[in-house]
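*Asks:* The sequence shown begins at 9 in the working numbering and counts up by one.
Keep in mind that the hints were calculated from the coordinates and are not lab data.
Fair warning: this is a prediction, and the values are worked out from it, not measured in the lab.
It is possible that part of the hints are untrue.
Dumping the calculated BS3-like pairs for lysine-lysine here, alpha-carbon to alpha-carbon at most 30 Å [claimed, not checked]:
no.: 1; residue 1: 138; residue 2: 112
no.: 2; residue 1: 112; residue 2: 93
no.: 3; residue 1: 138; residue 2: 150
no.: 4; residue 1: 30; residue 2: 13
no.: 5; residue 1: 101; residue 2: 59
no.: 6; residue 1: 122; residue 2: 112
no.: 7; residue 1: 23; residue 2: 41
no.: 8; residue 1: 41; residue 2: 59
no.: 9; residue 1: 41; residue 2: 27
no.: 10; residue 1: 122; residue 2: 101
no.: 11; residue 1: 27; residue 2: 13
no.: 12; residue 1: 41; residue 2: 93
no.: 13; residue 1: 101; residue 2: 67
no.: 14; residue 1: 59; residue 2: 36
no.: 15; residue 1: 36; residue 2: 23
no.: 16; residue 1: 128; residue 2: 112
Cβ-Cβ distance ranges computed for the label pairs, FRET-style [as the list claims (entries may be wrong)]:
no.: 17; residue 1: 68; residue 2: 154; range: 47 to 57 Å
no.: 18; residue 1: 110; residue 2: 139; range: 18 to 28 Å
no.: 19; residue 1: 53; residue 2: 112; range: 41 to 51 Å
no.: 20; residue 1: 143; residue 2: 75; range: 31 to 41 Å
no.: 21; residue 1: 18; residue 2: 84; range: 54 to 64 Å
no.: 22; residue 1: 13; residue 2: 71; range: 52 to 62 Å
no.: 23; residue 1: 139; residue 2: 79; range: 28 to 38 Å
no.: 24; residue 1: 60; residue 2: 30; range: 50 to 60 Å
no.: 25; residue 1: 128; residue 2: 48; range: 53 to 63 Å
For every residue, glycine included, the Cβ atom is placed at its ideal position computed from N, Cα and C.
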Amino acid sequence: MTRVKGGTVARARRKKVLKEAKGYFGSKHRLYKTAHEQVMHSGVYAFRDRKQNKRNFRKLWITRINAGCRENEISYSRFIDGLNKAGVTVNRKMLSELAIDNPKAFADLVVIAKDALNGKTYTPKKVVVKEEVKETKTTAKKAASEKKPAAKKTTTKSTKKTEEK
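Using the sequences plus the hints, can you model the full thing?
*Replies:* Structure below.
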């Protein structure tokens with residue numbers, strides 16, 4: 009069997025690795041072997057840190073919510089328990105945004121949580137947004153336009169001839 013020279017393919021593969029290693033320090037962006045090792049490690053670090061990032065953000069949100077709770081004289085754990093008992097399903101990201109940007113709305117949620125902890129039942133009000141009203145009207149129109157009368161049976165010349173015979 010004849011020898012196959014992998015010149016262009018191998019060069020392209022090495023160039024791709026060196027392109028990915030752009031900006032690395034020292035020989036890690038110049039030499040193929042060290043660049044390849046560093047690119048492999050970088051992929052591992054990126055995978056690990058994508059998972060770690062989610063944990064870090066959740067920690068940050070909980071810290072912010074806790075700070076907002078302490079201002080309203082309730083602990084974080086009692087606040088979350090109260091929201092669960094009240095049936096409020098707002099995630100921690102949104103709660104932290106409320107605690108920072110809209111302390112008044114956050115204080116209202118704290119009141120709801122405290123009431124739920126004291127045994128009071130909370131029935132949320134249904135607020136209809138203008139967009140929801142428009143959507144229901146358009147869907148009603150579409151449903152009305154889709155209802156068509158049953159199709160009439162059409163007879164063709166060939167079916168008439170077979171019926172006569």
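*Asks:* Compare the structure with each hint and give your call.
*Replies:* Results for each hint:
no., hint, in the structure
1, 138 <-> 112, "24 Å, holds"
2, 112 <-> 93, "21 Å, holds"
3, 138 <-> 150, "19 Å, holds"
4, 30 <-> 13, "28 Å, holds"
5, 101 <-> 59, "17 Å, holds"
6, 122 <-> 112, "15 Å, holds"
7, 23 <-> 41, "12 Å, holds"
8, 41 <-> 59, "28 Å, holds"
9, 41 <-> 27, "13 Å, holds"
10, 122 <-> 101, "21 Å, holds"
11, 27 <-> 13, "23 Å, holds"
12, 41 <-> 93, "59 Å, violated"
13, 101 <-> 67, "10 Å, holds"
14, 59 <-> 36, "26 Å, holds"
15, 36 <-> 23, "13 Å, holds"
16, 128 <-> 112, "21 Å, holds"
17, 68 <-> 154: 47 to 57 Å, "49 Å, holds"
18, 110 <-> 139: 18 to 28 Å, "21 Å, holds"
19, 53 <-> 112: 41 to 51 Å, "42 Å, holds"
20, 143 <-> 75: 31 to 41 Å, "38 Å, holds"
21, 18 <-> 84: 54 to 64 Å, "57 Å, holds"
22, 13 <-> 71: 52 to 62 Å, "60 Å, holds"
23, 139 <-> 79: 28 to 38 Å, "34 Å, holds"
24, 60 <-> 30: 50 to 60 Å, "24 Å, violated"
25, 128 <-> 48: 53 to 63 Å, "58 Å, holds"
Of the hints listed earlier, those the structure fails to meet are numbers 12 and 24, in rising order.
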